[in-house]
Amino acid sequence: MDKTCADRVSDIVLEDLSVTFPVPGGTSQVLRHVSYTFSHEKITALVGESGSGKSILGGAVMGLLPQTAVITGAIRFDGRNLASSETDFASVRGKRIGWISQEPVSALDPRIPVGRQLTEYLLESGRLDEPHWKEAADRQLEKFGLLPAERVRTSFPHALSGGMVQRVLTAMVTLPEPEWIIADEPTKGLDAFVRKQAAENFRRLAKQGTGFILITHDLQLAAHLADNVLILYAGEVVEKGPASVVMQRPAHPYTQGLLRAQPSQGMEPIRGVPPDMSRISEGCVFANRCPIADKMCRAPHPETWHVTKSGSETTCRKTGG
Amino acid sequence: MKDFLYYALNRLLHLIPFLIGITLVSFLLGVAAPGDPAVSVLTMDGSSEPTLRELAEMRQKMGLDQPVWVQYVQWLSRAVQGDLGISYMTQKSVLAELTTRIPVTFYLSFCALGWILLFGIPLGVWLSQFENTKKELAVRLFCLVLISAPGFWLGIIFMLLFSEHLQLLPASGYGTFRQMLMPSFVLAASTLGAVIRLQSLSIRELRGAAYILMARAKGLSEDTILIRHLFPNALMPVVTMLGTFFGSILGGSVIIEDMFSLPGLGSYVLTAIWGRDYPVIQGYVILSGTLFLLFNYLVDLSYYFLNPALRKGE
Numbered sequence: 001m002d003k004t005c006a007d008r009v010s011d012i013v014l015e016d017l018s019v020t021f022p023v024p025g026g027t028s029q030v031l032r033h034v035s036y037t038f039s040h041e042k043i044t045a046l047v048g049e050s051g052s053g054k055s056i057l058g059g060a061v062m063g064l065l066p067q068t069a070v071i072t073g074a075i076r077f078d079g080r081n082l083a084s085s086e087t088d089f090a091s092v093r094g095k096r097i098g099w100i101s102q103e104p105v106s107a108l109d110p111r112i113p114v115g116r117q118l119t120e121y122l123l124e125s126g127r128l129d130e131p132h133w134k135e136a137a138d139r140q141l142e143k144f145g146l147l148p149a150e151r152v153r154t155s156f157p158h159a160l161s162g163g164m165v166q167r168v169l170t171a172m173v174t175l176p177e178p179e180w181i182i183a184d185e186p187t188k189g190l191d192a193f194v195r196k197q198a199a200e201n202f203r204r205l206a207k208q209g210t211g212f213i214l215i216t217h218d219l220q221l222a223a224h225l226a227d228n229v230l231i232l233y234a235g236e237v238v239e240k241g242p243a244s245v246v247m248q249r250p251a252h253p254y255t256q257g258l259l260r261a262q263p264s265q266g267m268e269p270i271r272g273v274p275p276d277m278s279r280i281s282e283g284c285v286f287a288n289r290c291p292i293a294d295k296m297c298r299a300p301h302p303e304t305w306h307v308t309k310s311g312s313e314t315t316c317r318k319t320g321g
Numbered sequence: 001m002k003d004f005l006y007y008a009l010n011r012l013l014h015l016i017p018f019l020i021g022i023t024l025v026s027f028l029l030g031v032a033a034p035g036d037p038a039v040s041v042l043t044m045d046g047s048s049e050p051t052l053r054e055l056a057e058m059r060q061k062m063g064l065d066q067p068v069w070v071q072y073v074q075w076l077s078r079a080v081q082g083d084l085g086i087s088y089m090t091q092k093s094v095l096a097e098l099t100t101r102i103p104v105t106f107y108l109s110f111c112a113l114g115w116i117l118l119f120g121i122p123l124g125v126w127l128s129q130f131e132n133t134k135k136e137l138a139v140r141l142f143c144l145v146l147i148s149a150p151g152f153w154l155g156i157i158f159m160l161l162f163s164e165h166l167q168l169l170p171a172s173g174y175g176t177f178r179q180m181l182m183p184s185f186v187l188a189a190s191t192l193g194a195v196i197r198l199q200s201l202s203i204r205e206l207r208g209a210a211y212i213l214m215a216r217a218k219g220l221s222e223d224t225i226l227i228r229h230l231f232p233n234a235l236m237p238v239v240t241m242l243g244t245f246f247g248s249i250l251g252g253s254v255i256i257e258d259m260f261s262l263p264g265l266g267s268y269v270l271t272a273i274w275g276r277d278y279p280v281i282q283g284y285v286i287l288s289g290t291l292f293l294l295f296n297y298l299v300d301l302s303y304y305f306l307n308p309a310l311r312k313g314e
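Chain order of the listed sequences is A and B. Letter by letter, the first sequence follows residues 1 to 321 of this note's numbering. Letter by letter, the second sequence follows residues 1 to 314 of this note's numbering.
Keep in mind that the hints were calculated from the coordinates and are not lab data. Every residue, glycine too, gets a C-beta built ideally from N, C-alpha and C. Keep in mind that the hints are not guaranteed to be accurate.
Beta-carbon label-pair distances, calculated as ranges [said to hold, decoys possible]:
hint: 1; chain 1: A; residue 1: P148; chain 2: B; residue 2: M1; range: 19 to 25 Å
hint: 2; chain 1: B; residue 1: I227; chain 2: A; residue 2: H301; range: 49 to 55 Å
hint: 3; chain 1: A; residue 1: P24; chain 2: B; residue 2: I227; range: 30 to 36 Å
hint: 4; chain 1: B; residue 1: M236; chain 2: A; residue 2: V70; range: 33 to 39 Å
hint: 5; chain 1: B; residue 1: K2; chain 2: A; residue 2: D276; range: 42 to 48 Å
Pulled a few chain A residues facing chain B out of the computed Cβ check, cut under 10 Å [stated by the list, open to error]:
hint: 6; residue: G59
hint: 7; residue: M62
hint: 8; residue: G63
hint: 9; residue: N81
hint: 10; residue: A90
hint: 11; residue: I97
hint: 12; residue: G98
hint: 13; residue: P110
hint: 14; residue: R111
hint: 15; residue: Q117
hint: 16; residue: S125
hint: 17; residue: G126
hint: 18; residue: S161
hint: 19; residue: A192
hint: 20; residue: F193
Partial list, computed: chain B residues near chain A (C-beta under 7 Å) [what the hints assert, rightly or not]:
hint: 21; residue: T51
hint: 22; residue: R53
hint: 23; residue: A56
hint: 24; residue: Y211
hint: 25; residue: G219
hint: 26; residue: I225
hint: 27; residue: I227
hint: 28; residue: H229
hint: 29; residue: G289
hint: 30; residue: A309
Using the sequences provided together with the hints, build the complete structure.
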C-alpha cells in the first residue's frame with residue numbers, strides 16, 4: 001500500500017461553488033457562490049444549522065448529491081475539477097477523499113458482518129488479496145481499539161454499540177489511507193463520552209497528515225477540534241476564520257446568535273426562521289432575522305468580505321466594516 | 001447452525017395454534033353445512049329412501065349423536081391419522097383423492113412461482129434503474145394491468161390469442177410443460193405485477209439509505225452497490241409479500257385449473273362444492289391451509305438469512 005506523504009496532499013479548492021435543486025415551480029439554490037481553500041494541514045469545520053447547506057457542500061465534494069442536483073463552479077483537487085464529471089468524482093471517492101456518514105448507526109449494511117464491510121473497498125479495488133483480508137481487518141480494528149478484533153469483525157452492525165459503530169466507520173474510511181476525510185455530523189446521536197473519543201481519533205488522524213473537513217452543528221466540537229471555521233447560513237458562508245477567533249469574537253450577527261443559542265450560554269434562540277431557499281432576496285441573507293439590520297442591509301448589494309481586527313472575515317457590512 | 005435450528009424450531013412451534021385454528025374452521029364447516037350428513041351418505045346413490053331406523057343407526061355410526069366437541073376430537077384424531085373421511089360423491093377416501101391431485105396443483109404453483117422469480121424480481125431490479133422515465137411509466141402501466149386484470153378474463157384473452165389466433169400453446173390439458181405455460185402465467189399475473197413494482201420501489205427507497213451512501217462514498221462501483229448492498233436488502237419486503245401471495249396462488253388455482261382443465265386440487269374442490277361434498281371441502285381446507293402455513297414457514301426461515309438482526313433469539 002502506498003504511504004500518504006504530506007507534501008503530496010493537495011488542498012481542496014472551491015471556486016464559486018453553487019448547488020441548485022429543481023423544486024415544483026422553480027429552483028432552490030441550496031448553496032450559493034462558495035469560494036474557499038481547504039488547507040490539508042488544517043481541520044476545517046463547517047458550522048451551521050440544519051438546512052444551512054453544510055451537508056450539501058460535503059456531498060458536493062464527494063459527488064454524493066442526488067442526480068437532480070445541478071453543480072456550478074469548480075471543486076479543484078490535485079489539478080482536476082471534480083465537478084466536471086462523474087468519473088472525476090469516482091477517481092477520488094473513498095480512495096483519496098473519505099467520507100464519514102451523518103448517521104453512524106445506520107451507515108453500515110445490516111446484512112453484512114463488520115469486517116467484510118471494512119475491507120470491501122480494498123478487496124474490490126484489488127489492493128487487498130482475499131486470503132489476507134481477515135488479518136488486515138483485525139489490524140485495523142485493533143488500531144481503533146475495537147477489541148477483541150475477531151469478535152468485532154464477525155459481528156453484524158446491530159450487535160455493536162453506537163460508539164463502536166462510529167469507530168468502525170472511522171476505521172473503514174481510513175483503511176484505504178485517504179488524503180482527506182470529510183466527516184458529516186460524525187457524532188450525531190452519540191453520548192458525550194463517545195463524542196470525545198471520536199474527536200480524539202479525528203485529531204490523531206489530522207496530526208498524521210490527513211486533511212479534515214468536519215461538518216457539524218455542534219459548536220463545542222468545532223471549537224474543540226477545528227483550526228478553521230466556516231459559518232454557513234442559508235447556503236452562504238457568512239463568516240470564516242481561525243476557530244479561536246470566530247468562537248471568541250464572532251463578527252457576524254448570525255454567528256453571535258448561534259453562540260448565544262448554546263445551552264452553556266443561556267440557550268437564547270435566534271428569532272425567526274431561515275428564508276425560503278427558492279426565493280432568496282438580493283440583500284443580506286440574514287437581514288430579516290438580524291437584530292441590527294437596517295435598510296441598507298436589506299437592499300441589494302454585492303457580497304464583500306470584511307476583515308475584522310481579530311483576523312476573521314465576515315460578510316456583514318455592519319460588524320465587519 | 002445451532003442458532004438456525006433453534007430459530008427454525010421456535011418458528012415451527014408458532015404454527016401450532018394456526019394449525020388447530022384451521023382444523024377447527026374446517027370441522028365447523030361440516031357442522032354448519034345445511035342438510036344431515038347421515039341423509040347425504042344414505043342417499044348417495046340417488047335412488048334409495050332411508051327409513052328413520054336406518055337414519056338413526058347411521059347417525060350413531062357416524063357419531064353424530066355425540067356432543068359437538070367430542071365429534072371434533074374424534075374427527076381430529078382420525079384426520080391426523082390420515083383419515084379425512086369418504087367422499088359422498090365418489091365413495092373414495094378423501095385423502096387418496098387429494099394426494100393424487102396435489103402434484104398437479106404443485107406443478108402449477110411452482111411454474112407460477114417460476115414466472116415471478118425469473119421475471120418479476122429481475123424486471124423489478126431492472127426497472128429501478130429508470131426512475132421517472134417513459135420506460136418506467138410503460139412498465140408500471142403494464143404491471144397495473146397485470147395486477148388488476150381478473151384471472152378468468154386474462155385466461156380467456158390468452159386462450160384466444162395464443163391458442164386460437166397464434167396457435168402457439170395448447171388451451172387445456174395436463175402432462176407437458178408447454179401446457180403449463182399459459183395457466184401458470186395467468187395464475188402468477190397479479191403477483192408478478194405486484195412483485196415488479198414492489199422490488200423496484202424497495203430498491204429505490206433504499207437508494208437514499210445511509211449505508212448505501214456510505215458504500216458509494218467508500219468508492220464501490222454502482223454494480224457492486226446494487227448486487228451486494230441494494231438488492232439483498234430490498235428483497236425482504238418482496239419475500240414477505242410472496243409468503244402472503246402464495247395464498248392467492250392457491251385460491252386462484254381453483255378457477256385457473258377449471259378453466260384450463262387441469263386435474264388439480266382446485267378443480268376437484270370446485271366439483272365438490274357443486275355437489276356439497278363436505279368431507280372433500282373439509283379436506284381441501286385443511287390441506288390448502290397447511291400448505292399456506294408451510295410456505296410462510298419457509299419464508300420465515302429465509303428471513304434468517306436475509307436479516308441477521310433476527311438471528312440472536314427474538
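Going down the list of hints, with the structure as the test:
1. Distance hint check: the CB atoms of A:P148 and B:M1 are about 22 Å apart, consistent with the given range 19 to 25 Å.
2. Between B:I227 and A:H301 the beta carbons are some 53 Å apart, a value that agrees with the proposed interval 49 to 55 Å.
3. A:P24 and B:I227 have their C-beta atoms about 35 Å apart, which keeps the hinted 30 to 36 Å range intact.
4. Evaluation of the 33 to 39 Å hint for B:M236 and A:V70 yields a pass: the beta carbon distance comes to about 34 Å.
5. Checking the proposed 42 to 48 Å range against B:K2 and A:D276 shows it is violated: the Cβ atoms sit about 59 Å from each other.
6. Taken as an interface hint, A:G59 checks out: its beta carbon lies about 8 Å from the nearest beta carbon of chain B, inside 10 Å.
7. A hinted interface residue such as A:M62 counts as satisfied when its beta carbon comes closer than 10 Å to some beta carbon of chain B; here the least separation is about 6 Å, so the hint holds.
8. Interface restraint check for A:G63: the shortest CB-CB distance to chain B comes to about 9 Å, inside 10 Å, so the restraint holds.
9. For the restraint placing A:N81 at the interface with chain B, the shortest Cβ-Cβ distance is roughly 19 Å, beyond the 10 Å limit, so the hint is violated.
10. For the restraint placing A:A90 at the interface with chain B, the shortest Cβ-Cβ distance is roughly 7 Å, inside the 10 Å limit, so the hint holds.
11. At a threshold of 10 Å, the smallest CB-CB gap from A:I97 to chain B is about 9 Å, leaving the interface hint in force.
12. The interface hint given for A:G98 holds, since its Cβ lies 7 Å from the closest Cβ of chain B, which is under the 10 Å cut-off.
13. Given the 10 Å rule on beta carbons, the hint for A:P110 holds: about 6 Å separates it from the nearest Cβ of chain B.
14. At about 6 Å, the closest approach between the beta carbon of A:R111 and any beta carbon in chain B falls short of 10 Å, and the interface hint on this residue holds.
15. Nearest Cβ of chain B to the Cβ of A:Q117: about 8 Å, under the 10 Å cut. The hint holds.
16. Taken as an interface hint, A:S125 checks out: its beta carbon lies about 7 Å from the nearest beta carbon of chain B, inside 10 Å.
17. For A:G126, the shortest C-beta to C-beta distance to chain B is roughly 12 Å, which exceeds 10 Å, and the interface hint is violated.
18. A hinted interface residue such as A:S161 counts as satisfied when its beta carbon comes closer than 10 Å to some beta carbon of chain B; here the least separation is about 15 Å, so the hint is violated.
19. A cut of 10 Å between beta carbons decides the hint on A:A192: the least distance to chain B is about 22 Å, and the hint is violated.
20. At a threshold of 10 Å, the smallest CB-CB gap from A:F193 to chain B is about 23 Å, leaving the interface hint violated.
21. The closest approach between the C-beta of B:T51 and any C-beta of chain A is roughly 71 Å, which is over the 7 Å cut-off, so the hint fails.
22. A hinted interface residue such as B:R53 counts as satisfied when its beta carbon comes closer than 7 Å to some beta carbon of chain A; here the least separation is about 70 Å, so the hint is violated.
23. Hint status for B:A56: violated, given a least beta-carbon distance of 66 Å to chain A, over 7 Å.
24. Of the supplied interface hints, the one on B:Y211 holds, with its beta-carbon coming within about 5 Å of a beta-carbon of chain A, less than 7 Å.
25. Taking 7 Å as the C-beta cut-off, the interface hint given for B:G219 holds, the closest approach to chain A being about 2 Å.
26. Evaluation of the B:I225 hint against chain A yields a violated restraint, the C-beta minimum of about 10 Å exceeding 7 Å.
27. At about 11 Å, the closest approach between the beta carbon of B:I227 and any beta carbon in chain A exceeds 7 Å, and the interface hint on this residue is violated.
28. This hint holds: B:H229 has a C-beta 5 Å from the nearest C-beta of chain A, less than the 7 Å allowed.
29. Checking B:G289 against chain A by beta carbon gives a least distance of about 32 Å; that is not within 7 Å, so the hint is violated.
30. Hint status for B:A309: holds, given a least beta-carbon distance of 5 Å to chain A, under 7 Å.
Violated hints, listed in ascending order, are 5, 9, 17, 18, 19, 20, 21, 22, 23, 26, 27 and 29; each of the other numbered hints is respected by the structure.
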